[in-house]
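Position chain R relative to chain Y; hints supplied.
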Amino acid sequence: MTRVMIVDDHPMWRESVARDLGSRGYDVVGTAADAPSAVRIAAAVRPDVVVMDLQLGTTSGVDATRDIVAAAPDTRVLVLSASAEQDDVLDAVKNGASGYLVKSASLDELDDAVGRTADGDAVFSAGLAGLLLGEYRRLHDAPDDDAPTLTERETEVLRLVSRGLSARQIATRLTLSHRTVENHVQNTLRKLQLHNRVELTRYAIEHGITDDPE
Amino acid sequence: MDSPHEGNAAPDFLLPLWRAVVAFRLIAWVVAVAVFVRGWDRFPDHRIAIVLLLLMAAWTAVVTVAYSTDAGRRSRMAGYDLVVTVAFVAANLLTQSAAALSDGAPILTSLWATGPIFALAVERGRDGGMIGAVAIGAALIALRQKIGDQEIFNTTLFLVAGVTLGYAATTTRRATSVLREALAAEGATAERERLSRSIHDGVLQVLAIVRRRGTEIGGDAAELSALAAEQEVALRSLMTSRPTSSGGQVDLAATLRLRATSRIEVVTPAGELMLARRTVEDIVAAVGEALNNVVEHAGSGARAWITAEDLGDRLLVSVRDDGVGIAPGRLVVAQESGHLGVAQSIRGRIADLGGTVALQTSSGQGTEWELTVPKARP
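Top to bottom, those sequences are chains Y and R.
Numbering-wise, the numbering used here puts 318 at position 139 of the first sequence, and it's gapless, one number per residue.
Numbering-wise, the numbering used here puts 218 at position 193 of the second sequence, and it's gapless, one number per residue.
If you're looking for bench data, these hints aren't it; they were derived computationally from the structure.
Take these hints with a grain of salt, some might be off.
Simulated coverage check for chain Y against chain R, where a stretch passes if three residues somewhere in it have a Cβ under 8 Å from a Cβ of chain R [what the hints assert, rightly or not]:
(1) 265-274
(2) 298-312
(3) 315-327
(4) 360-374
With a straight-line cut-off of 20 Å between C-alpha atoms, the simulated SDA-like cross-links for lysine to any residue are [unchecked claim]:
(5) R:K400 - Y:A321
(6) R:K171 - R:S127
(7) R:K400 - Y:D298
(8) R:K400 - R:Q256
(9) Y:K370 - Y:Q348
(10) R:K400 - Y:D320
(11) Y:K370 - Y:R332
(12) Y:K370 - Y:G294
(13) R:K400 - Y:R317
(14) R:K171 - R:L136
(15) Y:K370 - Y:D290
(16) Y:K370 - Y:T330
(17) R:K400 - R:V382
(18) R:K400 - Y:R332
(19) Y:K370 - R:K400
(20) Y:K370 - Y:D323
(21) R:K400 - Y:T330
As the structure is a computational prediction, the values presented were derived from the model and not from experiment.
Note that CB positions come from ideal geometry on N, CA and C, so glycine has one too.
Next comes chain R alone, as it looks inside the complex:
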């Protein structure tokens, strides 16, 4: 089984946990030496106990090196550690008779054997901690050949410690990856701002100058001027729009700003107008229909303004053009004849959002749609 977090490559925040695992193992070995010295009389063969202690020291050195390097932490060292440590627990049978062990004789690996529980917990999270605790608990029970209060107490303690540390490690790992994403996003924003500044200083200025001089010179140059003007508006709206979304919410202001052209001005507050994605989609669709209406009916040379205003619990969105306007009655005729007329479609969309639509128009004075939409979906 591969670690599910393999791709994350040694998150820095886990380092303190790994250091703790290593320090614990070293201290636990010293405790094993103390157990030996204190229980000197109860060990029948001191030479075998000393050999076991030295082998434990050697293995402690191996895992210390492994857990202190990136490559070691990424390998499956904690798993091997568990297997080897269970073998060490069994090796206590060489230092004591089975009867003595069952009788509560001191064992050298007592605290030291819990090391892999913590290593597994840090490496593989909750499940690792649990597997380690069960394995070591079972090994100790097998060694003592009984399930007494002490064995149950120890195993429970191993489980609590392993699972808790596992959770902590998983949380730390997630926090690290969230932080990484945030840092990457911040870097991208900074880069965008840097680009934005340099575009301002260079491209936008030049486009503005071309536009200005082109209009003055006239003729073919006026055509160039108009092209430059279009690109200038397109660039500016691209730079100011941050169609940001988070948690199912989308910025209405930024989304509307993408509609700007040299004929259409988009007016919004400076910040974001975060709304549910579907609300934004419906509003933008309604605005789009009103704009199509401008293109078809307002006449050439008409300009349009899209505004979005925050009213606290509601939004006020308007689309206005300075074109010829809709003759009185034409909208009603379209609606009555059953066509999916522009008014019906816009009203339908906004009504679904729990909002209202007001239309102000008269022949020769342009058209003004006013959409009032509650921020919360009905």
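If we strip away everything but chain Y, and leave its shape as in the complex, we get:
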């Protein structure tokens, strides 16, 4: 049974999502309303999936995502946000979230997204694909030789995701296997996360932060 934790500062939303996911056969093992308690509880109960809101009162879901991924590497974070702030979404994904869904998504979509996140897939909305394409373009234009780049195939796949095609539709159109499409999508995310970690490490070394950056 997939073990899920829900992080949101709205009690009514937490209960609603917990009840919904419970009815779909998930085991809701914890809830939290702010970033510090989310990190503490996730480290203790080690859920398979954390459903994470990005604006947690005065604390940030982006910080919580980064710290949870560091403290519990097997835990995957699915961002479920009403946030209209695209930069927040991009930051969360760069800091280790493996998917993003808007709160207006239906229960079926949420069920599917949590299931796929637990299976290790990246859950991409069209909007997130567009943000990633933009981020790779920004990195491409930036004067940094180490910046990650997309292969032609990855760009093609990401572009089709941004146009609302499902992995299955993309597989049909490009005559690829469904698994290959999923892998391409995951790679676009992993490269960005890896780059982000390298950047953080470099920053830490340059600024003489002595804590082990890993």
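What follows is chain R alone, placed relative to chain Y:
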């Protein structure tokens, strides 16, 4: 003549200039005293010279007070200062004979008389500085009753100083007003962000909850749920869209985002996509036509995605729906029969921008428009 900058009410950055004007006047009066003491023997009537010096001191006090207050700086004090100072220059005739003055006798107001040039320059910019310099230069020439090298040199110096300081004052004034606008804009952005956050925490959350519970309950509540969903999307697109424009450029991403509904998703990069206003208008019009096509032909329940991607020197804009698609040949038929068909219109607009249009459609598989547009206008 009113100052053209009257409405700006004492820009703070001009204060140092005004202080300099005041300090200069005070120092210049001390110099006038020194001229008197040094040229003691050449003044036939010391009492008249001392009275003139005291009157100059009194006027210096008046303008010092005036130039040190907001109200004083906003009045036409510099103009009065010029008139009174020209009168003081003429009053030198009381201390010296006209012949002696023409012969180069010391005059008490020499440096002190240049004060209003600078005051006018700061108050009214270049033109003020010029008027002051010409008036004072002419007054001195009239006093000496000759135009020698010294007079030409002095007047030129007054002009250079007055015009330069005038330019500096005008630039400072503009910088101040630009800074004010920037600060106001920053304040507005901060306020918008604050509103945005509180809307997120409150309204969007509640709409999402209504939507969720409404769908679960079903029946009439499902209708409420659909309404809540529409408003949620509308609000979110309103919050993320900043139809910013600057220097004839408009943000395409923000403009497209205004198109979002619960059926239409708009996908853009996180930042801005600044383009010439007319390019944006043409792209948005083409996207609008493709969307109308979705509404008319894709069938009820169809969804659509608008994407905009930055390719460096070009933009890739797409409009896709998951509707019934256009049957093969129908677009061609519409074009050949001379109707301003959707394809012709879209192709025409994009061709004008130096771009290309690709259309992928087949019956039952939706329609996908792909517009490639160069960023620079042809």
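Hints versus structure:
no., hint, in the structure
1, 265-274, "holds (count 3)"
2, 298-312, "holds (count 6)"
3, 315-327, "holds (count 4)"
4, 360-374, "violated (count 0)"
5, R:K400 - Y:A321, "holds, 19 Å"
6, R:K171 - R:S127, "holds, 7 Å"
7, R:K400 - Y:D298, "violated, 42 Å"
8, R:K400 - R:Q256, "violated, 33 Å"
9, Y:K370 - Y:Q348, "violated, 24 Å"
10, R:K400 - Y:D320, "holds, 16 Å"
11, Y:K370 - Y:R332, "holds, 15 Å"
12, Y:K370 - Y:G294, "violated, 23 Å"
13, R:K400 - Y:R317, "holds, 16 Å"
14, R:K171 - R:L136, "holds, 19 Å"
15, Y:K370 - Y:D290, "violated, 27 Å"
16, Y:K370 - Y:T330, "holds, 11 Å"
17, R:K400 - R:V382, "holds, 15 Å"
18, R:K400 - Y:R332, "violated, 25 Å"
19, Y:K370 - R:K400, "violated, 29 Å"
20, Y:K370 - Y:D323, "holds, 15 Å"
21, R:K400 - Y:T330, "violated, 24 Å"
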